[in-house]
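Model the full assembly from the supplied sequences, consistent with the hints where possible.
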Amino acid sequence: MDFFFTITQLLINGILLGGVYAVMASGLSLVFGVVRVLQISHSALIILGCYFCYSVNRYLALDPISALAITMPAMFFIGIAVYRLVVAPLKDAPPVAVLLAFFGVILALENTISLIWSSNYNAIHSAYQGRSLFSWSFTFSLPKTIAFGVACLVIFALLIFLRSTEIGRAIRAVSQDKETAQILGVDVDRIYNIVFGVSGALAAVGGALMGIIYSFYPALHWTWLGVVFSVVVLGGLGQVGGAIIAALIIGLAETLAGYYIGASWGPFIAFAILIITLVQRPQGLLGVKGQRI
Amino acid sequence: MIDHHSNSKRIRFWATSLLIVLFLLVPVFIRDRHLLHLLIVIFVYATLVQSWNLPGGYTGYTSFGHVLFFGIGGYTTATLVVFLSVPALLTYIVAGVISSLVALIFGYVSLRLKGPYFAIATLALATIGRYLFLNLEIFGGAEGLLLPMNRLDPGIEKIPFYYGTLLVAGLTTLIVYLIIKTRLGLNLMAIRENEEKAAAAGIDTTKHKVIAFIISAFFPGIIGGLYVSYLEYINPDSCFNILYSANILLMAILGGIGTIAGPLLGAAVVVVLSEIFSLTLGHQGRLILFGLILTFTAIYQPGGLLSLKERFGSAAKTVSVFDRASAKE
Chain S
8 MDFFFTITQL LINGILLGGV YAVMASGLSL VFGVVRVLQI SHSALIILGC
58 YFCYSVNRYL ALDPISALAI TMPAMFFIGI AVYRLVVAPL KDAPPVAVLL
108 AFFGVILALE NTISLIWSSN YNAIHSAYQG RSLFSWSFTF SLPKTIAFGV
158 ACLVIFALLI FLRSTEIGRA IRAVSQDKET AQILGVDVDR IYNIVFGVSG
208 ALAAVGGALM GIIYSFYPAL HWTWLGVVFS VVVLGGLGQV GGAIIAALII
258 GLAETLAGYY IGASWGPFIA FAILIITLVQ RPQGLLGVKG QRI
Chain X
800 MIDHHSNSKR IRFWATSLLI VLFLLVPVFI RDRHLLHLLI VIFVYATLVQ
850 SWNLPGGYTG YTSFGHVLFF GIGGYTTATL VVFLSVPALL TYIVAGVISS
900 LVALIFGYVS LRLKGPYFAI ATLALATIGR YLFLNLEIFG GAEGLLLPMN
950 RLDPGIEKIP FYYGTLLVAG LTTLIVYLII KTRLGLNLMA IRENEEKAAA
1000 AGIDTTKHKV IAFIISAFFP GIIGGLYVSY LEYINPDSCF NILYSANILL
1050 MAILGGIGTI AGPLLGAAVV VVLSEIFSLT LGHQGRLILF GLILTFTAIY
1100 QPGGLLSLKE RFGSAAKTVS VFDRASAKE
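Chains as they are written, first to last, in the numbering used here: chain S, 8 to 300; chain X, 800 to 1128.
Just so you know, not all the hints are guaranteed correct.
Straight-line Cα separation of at most 27 Å, BS3-like style, residue types lysine-lysine; simulated pairs [unchecked claim]: (1) Lys1006(X) x Lys980(X); (2) Lys913(X) x Lys98(S); (3) Lys980(X) x Lys808(X); (4) Lys98(S) x Lys185(S); (5) Lys996(X) x Lys98(S); (6) Lys996(X) x Lys1006(X); (7) Lys808(X) x Lys185(S); (8) Lys913(X) x Lys980(X); (9) Lys980(X) x Lys996(X).
Here chain X is said to cover these stretches of chain S; the calculated rule only asks that three of the stretch's residues, wherever they fall, bring their Cβ under 8 Å from a Cβ of chain X [claimed, not checked]: (10) 35-43; (11) 93-106; (12) 112-125; (13) 280-289.
Since the hints were made in silico from the structure, they are not lab data. Since we're looking at a predicted model, the values are computed, not measured. Here a beta-carbon is modelled for each residue, glycine too, at the ideal position from N, C-alpha and C.
Structure (structure tokens):
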């Protein structure tokens, strides 16, 4: 009985965390699905979003969730800046050159954050910090529950945006067949701008939600890099549905490993899943077998 | 034309010889500890970048986690010295061999991945290495291990390490040079240009890639061991630090990827710049600048500093993996 109680509690924690991971990875998945580049600096954008939220929360005394009204537009423009300054000039370059350029962006971003906010631990303060809900004798950490709720809302909004708006349809058209979309009058460059902007705004959400749950420091994005990439690769590159399932799996795996092996092994699990998936099943969980990447 | 070619060859031979003699004589004239330390760091990086270059520059498989082999070498030496009291000098070869073994296992499974996915797999593997040693208490966890103190006089204690790292850097350069002049090197470059065609021409691409990867792990293993016995301590953050991988990439692309002189030039330039900018801009300011240089070079000067020479009309042609026409996937 005790065992099942513990397992259920761990499942709850894992699923709540997985929801946040889904938001963190969604921006990366979107960029890969449409623009076909591996945005390895996405987790650095997430930590930037986290620090933006921290400052808005601290200096404007806004609740971290309401702070998103400011940080999402700001990160939207930073996403566009990454596209214009780094991705667009490397349009015809081999993929590894793009990765090298992103690596430089990561270094510059991480150290700019350290310079502005210091490289020590920080935390976002909120009314629900450290509080919990109890029901059926299970504990629901309030920050995690709120983060999960916001994550679900944002992913739902993203899916609606992609499915039902004019721009969303254009984005899907470009992701399916860039050349045909172009012939049909879609401005591909504009779509790429928007996609990078949206992924920046999603990074703002991911950063804020992680900042509500955990304390953070600038170099933490290297750990998140493992998380977002394991989610996106396990889910199948560019597949949003797969990424959501994968995020829950990674959240659960990390929570279970953290409890049964030790908290410090959590990040190890995400990176291990990433490598095993890359080597054994590069097409992802739901991908078509034999598809090469 | 032929005359001109052999002329430039002769100049290159004499310049290389002169440089080697100069480096051998440095400790005779220079006793400044800080300067000797900088030169040791340059040789360490020259080894790392030169060996990275074999799969990264000549074969087209860019490792973003080459620090892994440096760390494995470091921990091999530290473990043998601390727990088994093996003399440090005997451990370096073991460090190289163990590093190569890891490269064999990991390379065999991961070198099937295409360029960018291979890069991410290597980045992930290096991070896994760091977490592994952080969490394993036998290796001292985050605290790491302390090696027995060096009993040499402070005036000359750096000299054996100066010659040691110089020797390894020189050997690495020589071996990579010899490899690219042979059939193996030509086959590796064929894989870089077009892997399908190389396979169709009868090259066992997997075998070649794994061999290149094993060699490229051997020297970082040795230099990792050597550097650890020089520093006299090791911990996961000192030897699996992602900044090593970042520096390797920066040095490689800044010097010129897929060239012999590029890694040496890149290592020297970046270490000297690090020194200057650490003093003027601080640690973070320097890394911001390095990040921007890395991004800028990847976008606007993918051939690195050596390709600047080409721009001004030199006869030597540098081959870049980032040659946009030939390397486009």
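Hint check:
1. Pair hint Lys1006(X) plus Lys980(X) holds up; C-alpha atoms about 18 Å apart against a cutoff of 27 Å.
2. At most 27 Å may separate the alpha-carbon atoms for a hinted pair to count; Lys913(X) and Lys98(S) meet this at roughly 19 Å.
3. This hinted pair checks out: Lys980(X) and Lys808(X) have alpha carbons roughly 15 Å apart, not beyond 27 Å.
4. In summary, the hint linking Lys98(S) to Lys185(S) is supported, as the alpha carbons are separated by about 14 Å, within the 27 Å threshold.
5. About 25 Å separates the Cα atoms of Lys996(X) and Lys98(S), which keeps this hinted pair within 27 Å; it holds.
6. Between Lys996(X) and Lys1006(X) the CA atoms are separated by roughly 16 Å; this keeps the pair inside 27 Å, and the hint holds.
7. This hinted pair does not check out: Lys808(X) and Lys185(S) have alpha carbons roughly 49 Å apart, beyond 27 Å.
8. Between the alpha carbons of Lys913(X) and Lys980(X) the distance comes to roughly 25 Å, so the proposed pair stays at or under 27 Å and holds.
9. For a cut-off of 27 Å, the pair hint linking Lys980(X) to Lys996(X) stands: about 21 Å separates their Cα positions.
10. Requiring three or more residues with a Cβ within less than 8 Å of a Cβ of chain X, the coverage given for the region 35-43 of chain S is violated, as only 0 such residues are present.
11. With 11 residues carrying a beta carbon less than 8 Å from a beta carbon of chain X, the region 93-106 of chain S meets the three-residue requirement, and the given coverage holds.
12. Look at the region 112-125 of chain S against chain X: 10 of its residues bring a Cβ nearer than 8 Å to a Cβ of that chain, three or more, so the hint holds.
13. With 5 residues having a beta carbon nearer than 8 Å to a beta carbon of chain X, the region 280-289 of chain S meets the requirement of three or more and the stated coverage holds.
In summary, the structure is inconsistent with hints 7 and 10 from the numbered list given earlier, while agreeing with the others.
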